[in-house]
Amino acid sequence: MAKSNKVKHGRVVQLASEPPALAGDYLRAFTAALSKFNDFDAFLERLKLVVSEDAYLDGRAVLTESSLLKAELPDFENLSAGATVVAVSGAAGNMGYLKYAGRKDTQLFGAEDLHLLGSIAGFVGALIQQAQESRRKTKVEQVLHYLMNRLPLGVVCMNGGNELMVQSQQAERLLGDEGVTRLTNAAEFNEDAKLKVQFHLVVDGRLLFAEGRQFTIASGEYLKVFVIYDLSKSRETLMMHLEREAYRSESRGTPVTIALLESNEVAGAIYSKAKEAASQMLLSPDQVQPLDANRCALVFTGKPLVLVRYLLRQMRFIRESKGLNAAVVAYDQGVLSDMPAETWVARAIAKLRPAASSLLPRFIAMDRYPSVVDSLALTLADRCELEECLNLDESIRRIESGDFDGMFYDLDASSPQQLLQLKRAAAVCGAEFKFYFCTCRRRSMVDPNFAIMETEVVLQKPFLAGEVSEVFALDFE
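Numbering of the sequence shown is given in our numbering, commencing with residue 938 and proceeding in unit increments.
No wet-lab data here; the hints were simulated from the structure. Each hint should be verified, as a subset may be incorrect.
Result set (DSS-like, lysine-lysine): computed pairs, CA atoms no more than 25 angstroms apart in a straight line [claimed, not checked]:
no., residue 1, residue 2
1, Lys1074, Lys973
2, Lys1133, Lys973
3, Lys973, Lys1036
4, Lys1133, Lys1076
5, Lys1170, Lys1212
6, Lys985, Lys1036
7, Lys1212, Lys1259
8, Lys985, Lys1074
9, Lys1360, Lys1398
10, Lys1074, Lys1041
11, Lys985, Lys1041
12, Lys1133, Lys1041
13, Lys973, Lys985
Simulated restraints, written as ranges between beta carbons of each label pair [as the list claims (entries may be wrong)]:
no., residue 1, residue 2, range
14, Ser1406, Cys1094, 17 to 25 angstroms
15, Ala1287, Val1080, 50 to 58 angstroms
16, Ser1294, His1082, 34 to 42 angstroms
17, Gln1270, Gly1098, 53 to 61 angstroms
18, Arg1073, Gln1251, 53 to 61 angstroms
19, Glu1078, Ser1294, 40 to 48 angstroms
20, Phe1152, Phe967, 36 to 44 angstroms
21, Ala1287, Leu1357, 34 to 42 angstroms
22, Glu1078, Glu1187, 48 to 56 angstroms
Glycine residues also receive a C-beta, built at the ideal position from the N, C-alpha and C atoms.
With these hints in hand, go ahead and build the complete structure from the sequences.
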């Protein structure tokens, strides 16, 4: 190889090659070693190989991982003449040493050589430290990924450009091949890095709920992290819950009612609204369950049909939801089935109608004058359903069915005993069942045996339409 001379402090130092060529040799050697950077043990071996195969220096490397093992100390007592030992260290401590017997051309070490030895040791130490840090991060990622895969929900992490960084196996299973696209299309983040979004989406017929957070990291960039819940199993949970309630209803004789809500809005929208309003309907959150992407069931335990319809009519989200269908069905012990929950839900689905009509108050009109019934029907048109019935037994049956919210009752064509029978039947409906009494007499002239309470409404015939509308609005609007 070509020789070059360099003078420093009056001493001539012989280098085995031109400095640029020597630097190129080291650059190529260390670049080759970096190909094993992600395999820590293999990387250490390649670094040792770089030192031992050095064409300029006769050396060997003793390297270890100081965080796990004590670095081997050199045998200074038996160190040959002219040999040099350079420590390899880093922030974590001693990582070993480089031992050089001399130069390959048998020349003594010069000052530049000593600088070179120190540079090599420092570079090797820095590489080992970086490899250790990389391995630590890799292990952390592996542990986190392992833990993510153990979760019963899906986890997806994306960068600010909506590029997938990592996702759990559950997320991949739930979202399919187009998972990232589905999430980014459904989620709407703004520039607020702390924004939290929640939404539902349907994938292959499954209803999913996703919750996403967008936040900045130390570099100033931001990440998007989503947690995905599979709600498709909620139907099974709902059916099991209904099975238990049906059994309790039969054994204890308590009423159980389900309200089924259906909307063709965004997937899961009606479920979210009902869940949010659960407490206002005297329900716990677990009593509101999705049946599928567009339907949810509300389970009212111990509440009769009349009360359930009353509660639903008070809900703002029901009044304001366009295209909402509803059905309210009580568990019927008389319907025999091996699958009572499925049969119960099927009955509710069959009764789905627009909420504006299905939740409309229903009244029985028991008055001997058809003109009175016609007047009531005209006055309360579009505000309630009115059915005429003059038969006492049939009226009792209708009241006990729970499908009616009240009765217009003619006191002039009945007896206190008949009214007592009707009130006994209405007792199972709760206080929400209303009696409106009609009579040609003044209230003070009504037979006291009817035991009309002060809180009950008595309409004197011929009554004004405004009077009927006012008392009806107080109770139902």
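Inset, instruction - Please work out if lysine 985 and lysine 1036 have their alpha carbons no farther apart than 25 angstroms. - result: 11 angstroms, holds
Legend entry - Distance restraint hint 34 to 42 angstroms, applied to the beta-carbon atoms of alanine 1287 and leucine 1357: 36 angstroms, holds
Inset, instruction - Quickly compare the C-alpha distance for lysine 1212 and lysine 1259 to 25 angstroms and report which way the hint goes. - result: Holds. Lysine 1212 to lysine 1259 sits at ~18 angstroms (cutoff 25 angstroms).
Inset, instruction - Indicate whether the distance between the beta carbons of serine 1294 and histidine 1082 respects the range 34 to 42 angstroms. - result: 53 angstroms, violated
Inset, instruction - Can you let me know if the beta-carbon spacing of phenylalanine 1152 and phenylalanine 967 is within 36 to 44 angstroms? - result: Distance hint for phenylalanine 1152, phenylalanine 967 holds at roughly 38 angstroms.
Inset, instruction - Verify the proposed pairing of lysine 985 with lysine 1041, using a straight-line Cα cut of 25 angstroms. - result: Roughly 17 angstroms between the alpha carbons, so the hint for lysine 985 and lysine 1041 holds.
Inset, instruction - For the pair supplied as a hint, lysine 1074 and lysine 1041, confirm whether the alpha-carbon distance does not exceed 25 angstroms. - result: Violated, at roughly 39 angstroms.
Inset, instruction - Starting from lysine 1170, check that the Cα of lysine 1212 is at most 25 angstroms away, please. - result: With Cα atoms ~17 angstroms apart, lysine 1170 and lysine 1212 stay inside 25 angstroms; holds.
Legend entry - Agreement of lysine 1133 and lysine 973 with the hint, judged by alpha carbon distance not exceeding 25 angstroms: 41 angstroms, violated
Inset, instruction - Compare the distance between the alpha carbons of lysine 1360 and lysine 1398 with 25 angstroms, and conclude whether the hinted pair is satisfied. - result: With a Cα-Cα distance of about 22 angstroms, the restraint between lysine 1360 and lysine 1398 holds, given a limit of 25 angstroms.
Legend entry - Pair hint lysine 1133 and lysine 1076, alpha-carbon separation not exceeding 25 angstroms: 29 angstroms, violated
Legend entry - Given hint lysine 1041 paired with lysine 1133 - CA-CA distance at most 25 angstroms: Violated - the C-alpha atoms of lysine 1041 and lysine 1133 are around 65 angstroms apart, more than 25 angstroms.
In this structure, the hints that do not hold are numbers 2, 4, 10, 12, 14, 16 and 19, in rising order.
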